[in-house]
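Peer 1: Protein chains in written order, with my numbering: chain A, 64 to 399; chain B, 1172 to 1265.
Don't read these hints as lab results, they were simulated from the structure. Quick caveat, the model's predicted, so the values are computed rather than measured. Be careful, since some hints might not be right.
[Unchecked claim] Ranges between beta-carbon positions, derived for each pair:
# : chain 1 : residue 1 : chain 2 : residue 2 : range
1 : B       : Ala1211   : A       : Ala85     : 52 to 60 Å
2 : B       : Arg1196   : A       : Asn252    : 50 to 58 Å
3 : B       : Asp1247   : A       : Asp174    : 43 to 51 Å
4 : A       : Ala85     : B       : Gly1237   : 31 to 39 Å
5 : B       : Ala1189   : A       : Glu343    : 47 to 55 Å
6 : B       : Ala1208   : A       : Ile293    : 24 to 32 Å
7 : A       : His127    : B       : Ala1215   : 36 to 44 Å
8 : B       : Ala1208   : A       : Glu79     : 50 to 58 Å
Backbone N, C-alpha and C fix where the C-beta goes; we use that ideal spot for every residue, glycine too.
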Amino acid sequence: MDRYAKQVLFAPIGKEGQKRLAAARVTVVGLGALGSVLASHLARAGVGFLRLCDRDFVELDNLHRQVLFDEDDVRSGLPKAAAAAAKLARTNSEVRLETRVCDVGPANVEDLVRDVDLVLDGTDNFETRFVLNDACVKHGRPWVYGGCVGSYGMAMTVLPGEGPCFGCLLGGVPSPGSSPTCDTAGVLNTAVAVVASLQATEAFKVLLGRHDALAGGLQTVDLWTNAFQIVKVPRSPQCDTCGARRFRHLEAASTGAVTLCGRNAVQVTAPPGATIDLAEAERRLAPLGPVRRNAFLLKATLDGCELTLFPDARAIIQGTDDPARARSIYAKYVGA
Amino acid sequence: MTGRVRVTVRFPGLVAQATGVSHARVEAGTLREAIDAALASAPALRHHLCEDDGRFRVHVLCFHNGTNTRLLAALDVPLGEGDEITFAQAISGG
Chain A
64 MDRYAKQVLF APIGKEGQKR LAAARVTVVG LGALGSVLAS HLARAGVGFL RLCDRDFVEL
124 DNLHRQVLFD EDDVRSGLPK AAAAAAKLAR TNSEVRLETR VCDVGPANVE DLVRDVDLVL
184 DGTDNFETRF VLNDACVKHG RPWVYGGCVG SYGMAMTVLP GEGPCFGCLL GGVPSPGSSP
244 TCDTAGVLNT AVAVVASLQA TEAFKVLLGR HDALAGGLQT VDLWTNAFQI VKVPRSPQCD
304 TCGARRFRHL EAASTGAVTL CGRNAVQVTA PPGATIDLAE AERRLAPLGP VRRNAFLLKA
364 TLDGCELTLF PDARAIIQGT DDPARARSIY AKYVGA
Chain B
1172 MTGRVRVTVR FPGLVAQATG VSHARVEAGT LREAIDAALA SAPALRHHLC EDDGRFRVHV
1232 LCFHNGTNTR LLAALDVPLG EGDEITFAQA ISGG
């Protein structure tokens, strides 16, 4: 029996389309609510190569909407990228999966997008989306924006050189905290599934070369008020990114310590290329407090906070939203 | 088209939940007048959608007949019968 029989029967895909999907390469940035639905749709549809990027690990309050994960992943303290890859490998062994447990930012984004056909946005902040937008426009890679909060969400496909980019839509990066997030306003899991499905469908159309079938603008949906809309978004003549081709978000230095909105946690990043030996860190920290480690990360409870340390010397410090305190804990236990 | 017409200004669900206002039916001659009249229908609307200096917040999108008003030089655009003015909010959650 052909795994894709029902999909191939769908005329716009057909056998030729299925071959195109099998030859396609896609990067998914962020494997939370949107990202786990996106990766699931693409893997099940037979997209040949998926690069799965995420900086975070699975927690219990993810499970109501992040459909690739389960309680075993929470107990194991797995990074989302690794847990997603494990689940997808069991779902479709024909798909090549590349796991990237990393914070996507100016230092690594170009390497993550330049060798793929399309990039899918499963991120949870505007800053990373502007970094993605710069990298994708610079390298001519299509990407599909998606965002969701409450029962409301939106999606827009960016085709560099052909249509508007994210900078045309917004003009600039909104200030942190200026718009509601899933952590402040909650989110309906069905809305997440709808928005990610809009994004994934746009992705199929791009990968199949069916630009004529794209939504052609910003799709908005509110499942609670039953409002669906597509608004045309023209290119902005003033756009720095796709107009002037100035990629200032790629030039920005990755911030050393960033508060993770609504999570009472701060991410501390190390310089590009930094690495840390987790086994050695475990030996060093074990006398100071409870420590546990898996193949991907180490968790230690120190000074009333939980420090999660990754091999790239990045850390997420839970129990504070004060970057200065997080930096202090990092310097004390990991190194300055 | 000149003269005053009645138009509907629609707000996104998140703003409607916070302010109790999902839309406003207003009479106006220009886009700016319509927006000002709509925002006056509940004081909290301006807080959610505008900065202190009156400009729309960066994540706030306002579309007039499908045109992103961010790209207009000014909001003094005459309105026509049946024009659509719709606010949206760019969403960061995911």
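Peer 1: Confirm or reject each hint.
Peer 2: Hint check:
1. B/Ala1211 <-> A/Ala85: 52 to 60 Å: holds (57 Å)
2. B/Arg1196 <-> A/Asn252: 50 to 58 Å: Violated, at about 34 Å.
3. B/Asp1247 <-> A/Asp174: 43 to 51 Å: holds (47 Å)
4. A/Ala85 <-> B/Gly1237: 31 to 39 Å: This hint holds: roughly 37 Å between Cβ atoms.
5. B/Ala1189 <-> A/Glu343: 47 to 55 Å: For A/Glu343 against B/Ala1189, whose Cβ atoms are near 50 Å apart, the range 47 to 55 Å holds.
6. B/Ala1208 <-> A/Ile293: 24 to 32 Å: holds (26 Å)
7. A/His127 <-> B/Ala1215: 36 to 44 Å: violated (29 Å)
8. B/Ala1208 <-> A/Glu79: 50 to 58 Å: Distance hint for B/Ala1208, A/Glu79 holds at roughly 54 Å.
Violated hints, listed in ascending order, are 2, 7; each of the other numbered hints is respected by the structure.
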